[in-house]
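J.: First to last, the protein sequences are chains A, B, C and D. The opening position of the first sequence corresponds to residue 1 in the UniProt record's numbering, with each subsequent residue numbered one higher. The opening position of the second sequence corresponds to residue 1 in the UniProt record's numbering, with each subsequent residue numbered one higher. The opening position of the third sequence corresponds to residue 1 in the UniProt record's numbering, with each subsequent residue numbered one higher. The opening position of the fourth sequence corresponds to residue 1 in the UniProt record's numbering, with each subsequent residue numbered one higher.
It is worth saying that the hints were derived from the structure and are not from the lab. Any given hint could be a false lead.
[Claimed, not checked] Subject to a maximum C-alpha distance of 27 Å in a straight line, what follows is the list of computed DSS-like cross-link-like pairs (lysine-lysine):
# : chain 1 : residue 1 : chain 2 : residue 2
1 : B       : Lys251    : B       : Lys60
2 : B       : Lys196    : A       : Lys350
3 : D       : Lys176    : C       : Lys371
[Unchecked claim] Quick look at which bits of chain D chain B covers, simulated, 3 or more residues with Cβ under 8 Å:
# : region
4 : 302–312
5 : 378–389
[To be verified] Residues from chain A shown here face chain C by an in silico Cβ test under 10 Å; the list is partial:
# : residue
6 : Arg51
7 : Arg232
8 : Leu307
The C-beta atom is built at its ideal place from N, Cα and C for all residues, glycine as well.
There are 4 protein chains.
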Amino acid sequence: MAVKDVKKVVLAYSGGLDTSVILKWLQTTYRCEVVTFTADLGQGEELGPARDKARLLGIKEENIFIDDLREEFTRDFVFPMFRANALYEGCYLLGTSIARPLIAKRQIEIAEKVGADAVSHGATGKGNDQVRFEIGYYSLKPDVKVIAPWREWDLTSRTRLLEFAEANQIPIAKDKRGEAPFSVDANLLHSSSEGKVLEDPWQEPPESVWQRTIRPEDAPDTPTEITVEFERGDAVAINGERLSPASLLTKLNELGRANGIGRLDLVENRFVGMKSRGCYETPGGTILHAAHRAIESITLDREVAHLKDSLMPRYAELIYNGFWFAPERRMIQAMVDESQNSVSGTVRLKLYKGNTIVTGRQSPNSLYSMKYVTFEEDQGAYDQFDAQGFIKLNALRLRLGAMAGRKGGAV
Amino acid sequence: MAVKDVKKVVLAYSGGLDTSVILKWLQTTYRCEVVTFTADLGQGEELGPARDKARLLGIKEENIFIDDLREEFTRDFVFPMFRANALYEGCYLLGTSIARPLIAKRQIEIAEKVGADAVSHGATGKGNDQVRFEIGYYSLKPDVKVIAPWREWDLTSRTRLLEFAEANQIPIAKDKRGEAPFSVDANLLHSSSEGKVLEDPWQEPPESVWQRTIRPEDAPDTPTEITVEFERGDAVAINGERLSPASLLTKLNELGRANGIGRLDLVENRFVGMKSRGCYETPGGTILHAAHRAIESITLDREVAHLKDSLMPRYAELIYNGFWFAPERRMIQAMVDESQNSVSGTVRLKLYKGNTIVTGRQSPNSLYSMKYVTFEEDQGAYDQFDAQGFIKLNALRLRLGAMAGRKGGAV
Amino acid sequence: MAVKDVKKVVLAYSGGLDTSVILKWLQTTYRCEVVTFTADLGQGEELGPARDKARLLGIKEENIFIDDLREEFTRDFVFPMFRANALYEGCYLLGTSIARPLIAKRQIEIAEKVGADAVSHGATGKGNDQVRFEIGYYSLKPDVKVIAPWREWDLTSRTRLLEFAEANQIPIAKDKRGEAPFSVDANLLHSSSEGKVLEDPWQEPPESVWQRTIRPEDAPDTPTEITVEFERGDAVAINGERLSPASLLTKLNELGRANGIGRLDLVENRFVGMKSRGCYETPGGTILHAAHRAIESITLDREVAHLKDSLMPRYAELIYNGFWFAPERRMIQAMVDESQNSVSGTVRLKLYKGNTIVTGRQSPNSLYSMKYVTFEEDQGAYDQFDAQGFIKLNALRLRLGAMAGRKGGAV
Amino acid sequence: MAVKDVKKVVLAYSGGLDTSVILKWLQTTYRCEVVTFTADLGQGEELGPARDKARLLGIKEENIFIDDLREEFTRDFVFPMFRANALYEGCYLLGTSIARPLIAKRQIEIAEKVGADAVSHGATGKGNDQVRFEIGYYSLKPDVKVIAPWREWDLTSRTRLLEFAEANQIPIAKDKRGEAPFSVDANLLHSSSEGKVLEDPWQEPPESVWQRTIRPEDAPDTPTEITVEFERGDAVAINGERLSPASLLTKLNELGRANGIGRLDLVENRFVGMKSRGCYETPGGTILHAAHRAIESITLDREVAHLKDSLMPRYAELIYNGFWFAPERRMIQAMVDESQNSVSGTVRLKLYKGNTIVTGRQSPNSLYSMKYVTFEEDQGAYDQFDAQGFIKLNALRLRLGAMAGRKGGAV
C-alpha cells in the first residue's frame with residue numbers, strides 16, 4: 001500500500017498494547033486520520049480504558065467508536081451457526097472464527113459512515129484471522145484499502161515493538177513488559193489460547209491456559225440438572241426462564257464454567273496451509289451444541305438430518321476459512337434455517353465434571369412415535385411383513401451383483 | 001416362504017430363550033434340519049451352555065457351530081470402521097451395526113459348508129438388525145432362502161412365546177419368566193439397550209440400564225493417564241504394550257468402564273423409517289475414537305482429513321443400514337484405508353469420570369511444523385507477505401460480486 | 001388390501017385399455033365406488049375419449065375428473081427441477097419422474113374432495129413409477145389406502161388381460177389387440193419408451209421408437225438460431241416473445257423436434273434395484289437445460305455454482321426415486337431457488353441436427369468482468385503479483401507434506 | 001526472487017516467441033544457466049525447431065531436453081481422469097488442466113537430474129496455468145525456486161516484448177509481428193482458445209477459432225459407426241483394433257474431427273477468482289467420455305455409480321485448480337480406480353455432424369439382467385409383491401411426518 005494513498009482508516013482497536021502500537025504506526029506511517037472501533041463481544045474486559053487510551057493517542061472524540069455487540073453477535077452469528085451443528089474438524093466450535101465477520105462488518109459500516117477509505121486490524125500474517133477480517137472487508141466494500149501492519153512493518157520482535165511504544169509515549173502495562181506465555185482471544189462464545197508454550201503438541205497445556213472453566217476435578221460432586229428450551233432451532237430459555245440470546249449464552253457459560261465443561265486441546269489445519277495447536281474453552285457452546293442435537297433428534301426428519309450432517313463439514317470449513325459473507329455460506333444457511341421450522345421443544349441435561357449428558361427431550365413437533373416403535377403390540381400401526389419386501393428390493397442390486405460374480409459387494 | 005421349500009437352515013443361535021424357541025419353531029414349521037451357529041463376539045457370555053442347549057433341542061453334533069470371532073471382529077470390522085471415524089447421526093459408534101455383517105458372513109460360510117439352503121435369525125420386523133443380517137446374506141449368497149420368524153410366526157406376545165416354549169420342552173431360565181424391562185445386545189465393542197422402559201424419550205434411563213460402565217460419579221477421583229500407539233490407522237499398543245486387536249479393545253473397555261466413559265442416550269433414525277431411542281455403552285470405542293482423531297490431527301493432510309469428514313456421514317449410514325458388504329462401502333473403505341498409510345504415532349490421554357481428554361500426540365510422520373507455525377521468528381520459512389495475495393485472490397470473486405451489487409455475499 | 005376395506009377409490013385413468021381394465025377390476029374386486037382422474041400433462045392425446053369411456057364403464061358424472069395441468073406441471077414441477085440442472089446418472093432429464101408427483105398430488109386432492117379412502121394407479125410392480133405415485137400419496141395423505149393392481153391381480157399375461165376386457169365389455173382398439181413393441185409414456189417434457197424390443201441393450205433402437213423428434217439426418221441443413229430469456233432462473237421468452245411456462249416449453253419442443261434434438265438411449269439404475277434400458281426424447285428440455293447452464297455461467301458465483309453441482313446428483317436421485325414431496329427435496333430446492341435470484345438474462349443458441357450450441361450469453365447481473373479477465377492492460381484492476389502469494393499458500397500444505405517425505409501428494 | 005539466488009533454471013520451453021523471450025530474459029535478469037524442456041504432448045508441432053532455437057539462444061546441448069510424452073500423457077493422466085467422467089462445471093473436459101502436471105513433473109525430474117534449483121514457465125499471472133504448474137513444482141520439490149516472468153517483468157505490452165526480442169536477436173516469425181487474435185493451447189486431448197476477440201461472451205466465436213474440428217455443417221451426411229472396447233475402465237481398441245493409449249486417442253481425434261464433434265464455447269470460473277470465456281475442441285475426448293459412461297452404465301453397481309457422480313465435481317475441480325499432485329486427488333483416484341475393475345466391454349456409437357450417439361453396449365461383466373427387467377413373465381425372478389413393503393417402509397418417515405402435520409414433505 002503506497003503510504004500516500006490512505007486518507008482515513010478504521011482500526012479494530014482493543015485498547016491493548018499491540019493495537020495501540022498499530023494505531024500510532026498508522027498515524028506515523030500513513031499520515032492518515034485514524035478511527036478506532038472497539039467492540040464488546042463478551043470478551044470480559046471493560047471498554048472504558050480503550051476510550052481513554054484512544055483519546056490519549058490523539059484520536060478525536062468523533063472518531064472513537066465503542067459498541068456493545070453481544071446481542072447481535074449471539075443472535076445473528078452464534079445462533080445461526082449452532083443451527084447447523086457446526087464443528088470444524090470434528091471438534092472445534094469455531095468460537096474465534098464466528099466473531100471476525102461481525103467485527104469486519106461493523107468496521108465497514110463505520111468506514112461508510114465516517115467516509116474512511118481504509119481499514120486495519122491487528123491479526124498476524126500466519127493466522128486465519130487476517131483472512132476472516134479481510135474477506136469480510138472486501139465482500140462488504142470491494143474498493144476498501146486494507147492495512148495489515150503485521151504483514152508490513154518491521155516491528156517483528158517483542159523488543160522492537162516495546163521500543164516503538166516507548167518512543168511514541170504509548171503506555172505499557174507492567175504485565176505486558178514480558179512476553180505472554182501464549183496468545184489469547186476471547187468473546188462470549190469462547191476463549192482460545194495458542195502459541196509459545198503450547199507449540200509442542202506432545203506437551204500437555206499448563207493449567208494456567210484454562211481461564212474460562214474450572215478443572216473438571218474441581219467441579220461439584222453432584223450433577224447440575226437443567227432444561228433448555230428451543231424455538232425454531234434457537235435456545236430461548238434455561239430452566240423455564242426466557243432469556244435474550246446473549247443472556248442465555250452468558251447463563252450457559254456460567255453453568256459450563258462451574259461444571260468444568262467445554263475444554264478442547266486440538267491440533268487443527270489452518271486455511272493458510274499449516275497445522276497449529278489451539279486450546280479452546282467453549283463452556284456454554286458445548287452445552288448448547290449437545291442440547292441442539294438432542295432437540296433435533298426428535299423433531300427432524302431422518303433425511304433432513306442426514307443432509308444437514310453431510311453439508312456440515314463444508315459449512316464449518318466456510319466459517320473457519322472466513323467466508324461468512326459469501327453466497328455459498330448464505331445458501332447453506334438458507335437450507336439449514338428451512339430445516340429449523342419444527343425444531344422446538346425442551347431438552348433436559350445433566351452437567352457433571354466436564355460431561356454434558358442429555359437425559360430427556362420432548363417437543364410438540366416430535367416425530368418420535370411410541371406407537372410405531374414399541375416392542376409391545378402396536379395395533380397394526382406397522383406391518384412387519386413390509387420389512388421383507390423392503391429388504392429384498394434393497395438387496396436386489398447386491399444379489400444381481402453376486403450372481404454376476406461379485407459376492408459380498410466386490411466392486 | 002413355502003414350508004416345504006427349505007431343506008437345511010443355519011440359525012444364528014445365542015442359546016437364549018428366544019432363539020431356542022426359533023430353533024424349535026423352525027423344526028416344527030419347516031420340518032427342516034437345523035444347524036446352529038453361536039459366535040463369541042465378546043458379548044461376555046459363556047458359549048458352553050449354548051452347545052448344551054442345542055444338543056438338548058436335538059441338534060446333531062456336526063450341526064453345532066461355535067466360534068470365537070473376537071479377533072476377526074475387531075481386526076476386520078471394528079478397526080476398519082474406526083479408521084473412518086464413523087459416527088451415526090453425530091454420536092453413535094455403531095456397536096450393534098458392525099457386528100451383524102460378521103455374523104451373516106459366518107452363517108453363509110457355514111451354509112456353504114454344510115450344504116444348507118436357508119438361514120435364519122432372531123431379529124424383529126421393526127428393527128435394523130433384520131436388514132443388516134439379510135442384506136449380508138443376499139450379497140454373499142444371492143440364492144439363499146431367508147427365514148425371519150419374528151415376521152412370520154404368530155408368537156407375537158410374551159405369553160404365547162412362553163406357552164410354545166413349555167409345550168416344546170424348552171428350558172426357561174427363572175429370570176426369563178417375567179419380561180425384561182428392556183432389550184439388550186452386546187459385543188466386544190458395545191452394549192445397547194432399547195425398548196420398554198426406555199420408550200419415552202423424556203424419561204431418564206434407569207441406572208440399571210448401564211451394565212458396562214460404572215457411573216461417572218462412582219469413578220476414581222484421580223485421572224488415569226494412558227498412551228495409545230497407532231500404526232497405519234490401527235491401535236496396536238496401550239501404554240507401550242503391544243496387544244492383539246481384541247485384547248487391545250478389551251483393555252480399553254476396562255479402562256473406559258472404570259472411568260465411567262462411553263455412555264450415550266440417543267434418539268436415532270432407523271433405516272426402516274421410524275425413530276427409536278437407544279442407550280449405548282461403548283467404553284473402549286469412545287477412547288479409541290478420540291485417540292484416532294488425535295493421531296490423525298498431526299498426520300493427515302488437511303484436505304485428506306476434510307474429504308474423509310465429508311464422506312464419513314455416508315459411510316456411517318451405510319454401516320448403520322446394513323450395507324457393509326456393498327461395493328460403495330468398499331469403495332469408501334479403499335479411500336479411507338489409503339489415507340491411513342501415515343497414521344502412525346502415539347496419543348496420550350487422560351480418562352476421568354466420563355471424560356476422554358487428549359493431552360498430547362506425536363508421530364514420526366507428523367505434518368505439524370513448529371518451524372512454520374511458531375509465533376517466534378521463523379527464519380523465513382513462511383513469508384507473511386504471501387498472505388496478502390492469498391487473501392486478495394480468495395476474495396476476488398466476492399469483490400466482483402460486491403461491485404455487481406451483491407454486497408456481503410448476497411446470493 | 002382386504003377387499004371389503006375400500007369404499008371409494010380415485011384411479012389415475014388414462015382412458016386406455018390397461019387402466020380401463022383396472023377400473024373394471026377395482027369395481028368387481030373391491031366392490032367400491034370408482035372415481036377417475038385424467039390429466040392433460042401435454043401427452044398429446046385428446047381427453048374427450050377418456051370421459052366417454054369412463055361413462056361407458058359406469059362412472060358417475062360427478063366422479064369423472066379431467067384436468068388440464070400443463071401450466072402447473074411446467075411452472076411448479078419442470079421449471080424448479082431445471083433450476084437445479086438435474087440430470088440422473090449424468091444424462092437423463094427426468095421427464096417421467098417429474099410428472100408422477102403432480103398426478104399423485106391431484107389424485108389426493110380429489111380423494112379429499114370426494115371423500116375417497118383409496119387411490120389406485122396402473123404402474124407395474126417392477127418399475128419406478130409405482131414408487132413415485134405411492135410415496136406421493138403417503139406423504140400427502142398418510143392414512144390413504146393404495147391399490148396397485150399390477151402387484152395384486154392375476155391378469156399377468158396379455159391374453160388374460162384381453163380376456164378380462166372382453167368378458168367385461170371393455171372396448172379394445174384394434175391396434176391394442178396385438179402387443180405393443182414397447183411401452184410408452186409421454187408428457188409435455190418428454191416421451192419415453194422401454195421394454196420388449198428395447199430389452200437388449202446391445203441392439204440399436206428401431207427408428208419407430210422415436211416419435212417426438214425427427215432424425216438428426218432429416219433435420220434442416222441450416223441451423224436455427226434462437227434466443228431464450230430468463231428471469232430468476234426460469235425461461236420467460238423465446239426470441240423476445242414472452243410465453244407462459246407451458247407455451248414456452250411447447251415452443252421449445254417444436255424447435256427441438258424440427259432439429260432432431262433431445263434423443264437419449266440409456267441404461268439406467270432403477271430405485272427398485274435393477275438396470276433397465278430407456279429411450280427418451282426431451283426436445284425442449286434439452287435446449288432449456290443447455291440455455292439455463294449458459295445463463296448461470298455468467299450470473300452465478302463460482303462457489304454457488306459448484307455447491308449446486310455437488311448437490312445436483314442427489315437432487316436428481318430424489319426426483320428419480322419419487323421423493324418430490326419429501327423434506328430433503330424441499331430443502332435442496334430452497335437452496336437452489338435462493339441461488340436463482342440473479343439468474344436473469346439472455347442466451348443465444350444454434351439448433352442444428354441434434355446439436356444445441358450456445359453462441360452467446362448476456363445479463364444485467366453478469367459477474368463476468370472483461371476488465372479483470374482481459375489479456376490487455378487492465379489499468380491495475382488485477383495485481384498479477386497477488387497470484388504468487390495465492391499459489392504459495394495454496395501449496396504450503398503440499399510443500400510441508402513433501403518435506404515430510406510425501407512428494408507429489410503421496411497420501 | 002532475488003536475482004542472485006538462482007543458479008540454474010529449467011524452463012518449460014515451446015520454442016515460440018514468448019518462451020524465447022523468457023529464455024533470454026532469464027539469462028539476462030538472473031544471470032543463471034538455463035535448461036530448456038520441450039515436450040511433445042500431441043500439440044501437433046514439430047519439436048526440431050525448438051531445439052534449433054534453443055541452440056541459437058545459447059543453450060548448451062546437454063541443457064536441451066526434448067521428450068515425446070504422448071503415451072505417458074494419455075495413459076497416466078488423460079485415462080485416469082476419464083475413468084472419473086470428469087467434467088468441470090458440467091461441460092469442460094479439462095484438456096489444458098490435465099497437461100500441466102505432467103509438464104511440471106518432467107521439469108522437476110530434469111531439475112533433479114541437472115541439479116537445477118529453479119524452474120520457470122510462460123503462464124500469465126491471471127490464469128489457472130501458473131497455479132497448476134507451480135502447485136505441481138512445489139509438491140514435487142518443496143524447496144524449488146519458481147520464476148514466473150509474466151508476474152515479474154515489465155514487458156507488459158506486445159510492443160515492449162517485440163522490442164526486447166529484437167534487442168536480443170531473437171528471431172520473430174512474420175506472423176508473430178502482429179498480435180494473435182486469441183491465445184491458443186493444444187495437446188493430444190484438446191485445443192483451447194481464449195482472450196482478445198473472444199472476450200465478449202455475447203459475441204459468437206469466429207469460425208477461425210475452431211482449428212481442430214470441421215464444422216458440423218461440413219461433416220459427412222452419413223453417420224460413422226464405431227465400436228470402442230474397454231478394459232478395466234480404459235479404452236483399448238477401436239473397431240476391434242487394439243491401440244496404445246496415445247494412438248487410440250489420436251484415432252478418436254481423427255474420427256471426432258471428421259464428424260465435427262467436441263466443440264465447446266464456455267464461460268467458466270477460474271481458480272484465481274474471475275470468470276473467463278474459453279473455446280475448447282476435444283474431439284476424441286468427447287467420444288471417449290460418452291463411450292465410458294455407456295460401458296459403466298451396464299457394469300457399475302448403482303450406488304457405486306452414484307458415489308462416483310457425487311464426487312466427480314470435486315475431482316474435476318481439483319484437476320482444474322491444479323491439485324493433481326495432491327493427496328486428496330490421489331484418494332479419490334484410488335476410489336475411482338477401484339470401481340473400474342469390472343468396467344470392461346464394448347460400446348457402439350454413431351458419430352454424426354457433432355453428435356456422439358450411443359447405440360449399444362455389452363460386457364462380460366454386465367449387471368443388466370434381461371431376466372429381471374423384462375416386461376414378459378420372468379419365472380419368479382422378481383416378486384412384484386416385494387415392492388409394496390419396499391415402498392411402505394420408504395414412505396414411513398413421510399407418513400409419520402404427515403401425521404405430525406407436515407404433509408407433502410413440509411420441512
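J.: A separate judgement is required for each hint: does it hold in the structure or not?
T.: Each hint, compared with the structure:
As the CA atoms of Lys251/B and Lys60/B are separated by approximately 37 Å, the hinted pair breaks the 27 Å bound. About 23 Å separates the Cα atoms of Lys196/B and Lys350/A, which keeps this hinted pair within 27 Å; it holds. For the hint pairing Lys176/D with Lys371/C, the CA-to-CA distance comes to about 25 Å; that is within 27 Å, so the pair holds. For the region 302–312 of chain D, the assignment as covered by chain B holds, since 4 residues bring a beta-carbon within under 8 Å of that chain's beta-carbons and 3 suffice.
Counting residues of the region 378–389 of chain D whose beta-carbon sits less than 8 Å from any beta-carbon of chain B gives 0, not enough to reach three: the coverage restraint is violated. Against a cut-off of 10 Å between C-beta atoms, the interface hint on Arg51/A is violated, since the closest Cβ of chain C lies about 36 Å away. For the restraint placing Arg232/A at the interface with chain C, the shortest Cβ-Cβ distance is roughly 15 Å, beyond the 10 Å limit, so the hint is violated. Look at Leu307/A: its Cβ gets to within about 5 Å of chain C, closer than 10 Å, so that hint holds up.
Hints 1, 5, 6 and 7, counting from the list given before, are not met by this structure.
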